[in-house]
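Colleague: Protein chains in written order, with the numbering used here: chain A, 1 to 427; chain B, 1001 to 1427.
Rather than coming from a laboratory, the hints here were simulated on the basis of the structure. Heads up, none of these hints are tricks.
Not close to chain B: a few residues of chain A, all C-beta gaps over 12 Å, as computed:
#1 Ile-156
#2 Ala-192
#3 Asn-309
#4 Asp-422
With a cut-off of at most 20 Å between alpha-carbon atoms, the simulated EDC-like pairs for lysine to aspartate or glutamate come out as follows:
#5 B:Lys-1126 x B:Glu-1153
#6 A:Lys-126 x B:Asp-1390
#7 B:Lys-1088 x A:Glu-87
#8 A:Lys-126 x B:Glu-1028
All C-beta atoms, glycine included, are put in the ideal place defined by N, C-alpha and C.
Protein chains: 2
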Amino acid sequence: MVPHLTTALNGPLLDLEQRILNAQPAIEHWFRSQWQEHAVPFYASVDLRNAGFKLAPVDTNLFPGGFNNLNPDFLPLCVQAAQSAVEKICPEARGVLLIPENHTRNQFYLQNVAQLARILQQAGMKVRIGSLLPDLTEPVTLQLSNGAALTLEPLIRTGNRLSVAGFEPCVILLNNDLSGGVPAILQNLQQAVIPPLHAGWTTRRKSQHFAAYDRVAGEFAQLIGIDPWLINPYFARCGEVDFQAQTGTDCLAAQVDSVLTRIRAKYAEYGVSDEPFVIVKADAGTYGMGIMTVKDASEITELNRRQRNKMAVVKEGLHVSEVLVQEGVYTFEHIHSAVAEPVVYMVDHFVVGGFYRVHTGRGADENLNAPGMHFVPLAFETCCTLPNPDCAPDDTPNRFYAYGVVARLALLAAAVELEEADDERTD
Amino acid sequence: MVPHLTTALNGPLLDLEQRILNAQPAIEHWFRSQWQEHAVPFYASVDLRNAGFKLAPVDTNLFPGGFNNLNPDFLPLCVQAAQSAVEKICPEARGVLLIPENHTRNQFYLQNVAQLARILQQAGMKVRIGSLLPDLTEPVTLQLSNGAALTLEPLIRTGNRLSVAGFEPCVILLNNDLSGGVPAILQNLQQAVIPPLHAGWTTRRKSQHFAAYDRVAGEFAQLIGIDPWLINPYFARCGEVDFQAQTGTDCLAAQVDSVLTRIRAKYAEYGVSDEPFVIVKADAGTYGMGIMTVKDASEITELNRRQRNKMAVVKEGLHVSEVLVQEGVYTFEHIHSAVAEPVVYMVDHFVVGGFYRVHTGRGADENLNAPGMHFVPLAFETCCTLPNPDCAPDDTPNRFYAYGVVARLALLAAAVELEEADDERTD
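So here's chain A without its partners, still in its complex pose (with noise of 0.2 Å):
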């Protein structure tokens, strides 16, 4: 089952996909050159919106949950990158330490532990799973609702070198986005620690990847000639709101209405007779949690107590004060009359696979990974790399190699953000 498109594509818009497939040999030449250039995070999973006349990302996870919902046909894919991956960053290694969440009761989020750990094992890696729960003192074994079970086990830090009983890892394989800061404990630790530690939420800016992103899609848009609109939602950051003081609100009204406006006028010029919105999140988190579509600039100035507290905190009780403002995409892929949004996933530089989020209280211009949100994840049943010329640019093989071609474009940030984030650091 594929979600349908249900939007009409006609004149310039019908070409974005017709252009990518042409452009396969070109794109996958530059991506080539790209990857010599940049070094790929060891995974991530990148949300995507497709509004028909535009596919882009809109938010892109580097310690990606979610493994459990991909197409266990396509489990030899992921091991093979995960082959790939190890060789590239740590070819040495020999046993992997993995640091989740903290989340004991989420079956969801277990199972795609209990995955991951799966896919290092077939790849070949000795793998046992340290957790940063703090009143965990002796390994606790869980059963999942599907069958696996998963082996938790405290932490050890000797000096600087991190283990659970009887296990020295060589690599330290976080699965934990780090919203609450950096654990002491993960600090300074002699072992490679990847994703680093600065790719986790306390230092890295959604603001820094869509920048970051600005310069790929604008690179890979001259490359295939088209606008790079047409993959790059636009964006705006205020660095100073506090909203339950509401100080700071004014510049993010004036930054709403501003991207609002540049919507506007590219909707005219391509004849797009939809409403722009924006979405207005954290620039450091996840989990959708303070979000929020705004169609005017108003709507930021009359929010009411309830709207306000909830946009203030994150998870983890972090508190917000940075924050974007992004283009909104509508996404206009439908099952029956659910919204369905794809996300892609992708070990080393290789797609890997991906799911919809499959949401029926949802409207086409709203998050879909919101708190409390029900999405049915619906497996990609073909995987993103088998374009076929012979079919129509929009069907499956090709709308699946086109959500694998832009899902990379913000790996590819991913990539440039965190060197010049490690730049930063070390200067």
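Fit chain B to the supplied structure of chain A, relying on the hints for placement.
Modeller: Okay, now just chain B, sitting in the frame of chain A:
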């Protein structure tokens, strides 16, 4: 459907697959370090024989046909591995000229070429097929019985560059094993030729391959603590045999006797009650021509005229004077009453699939890749990279993992062999 292993394992023989399974992290770590030291061939297929107590490669093909026989579900694995191979060997390449064998009526082979072209295209390359057929003066499109079409184009040599009309490739990929010698049109090209010309049967010798395999298997056996014989067939060679003139056959008979004696000692050591046999074949060549099963040295001195003629020439009329005597490994895998021999395919150093040659008309001690032989290909139903320690060591995923390990040992031996051949050439 997976062949049934019709041999009773007990005592020290039972544990080959168990040891491979237990040592998986050490094995993968070792392979990673090997691939940092040795340049991996672009692709290869390896014929294995599984006697239950012994699992060994008997032939390593550096110009593999048969990609059409792989499970279509694993096409994405092939594409991903091909991307990885291109990255390593020719990252700058945009266009590939594929040069196949001159078989224009062998539907199976042509489907292999079409499948290879498809894999390369989906990996992002521009692909054209240049033919060495001497009387081809303009492009010809062949309609294949599986619905695919294949366009063969005449080669154009301009100075030291090879092309087809309107297409200047960066890389020449050979799927032609050069049994008939290296055509002048392929010599001294500016473009990269993959595999290198000295991987062709004009210069390559099976005995050099198995000499390299000896060392690789020895190191691997030490790593996992087994007798190397369990994965390594004995062999010997004679350099000056003329079957028609009946000279050099005394040497051959002596080598046959020596190898049989060594096998007999091993069979006695392990309590194997089968009758030892050797395979006598051309040291250079392919397609299973000039191949003989021998159980006693006297058979060599008593060859009749028909047998001598059969042994004297291989593909393309190449005259045989160098002969390999290889320990015969029983095939104890059966589907119903048919003998089945696994063939494992690799692109870069990744195992991307395989199939069984299933043959009703042959015995467990005969070569299954013989001229005029009509095997039925049975694609591996699962891939070779998903070992499962919760299953028995000879359950399908683990047996296939063992296949993939031994096939990669042969691939590594091929890498070493080509390296050494290259050193000799440039000395």
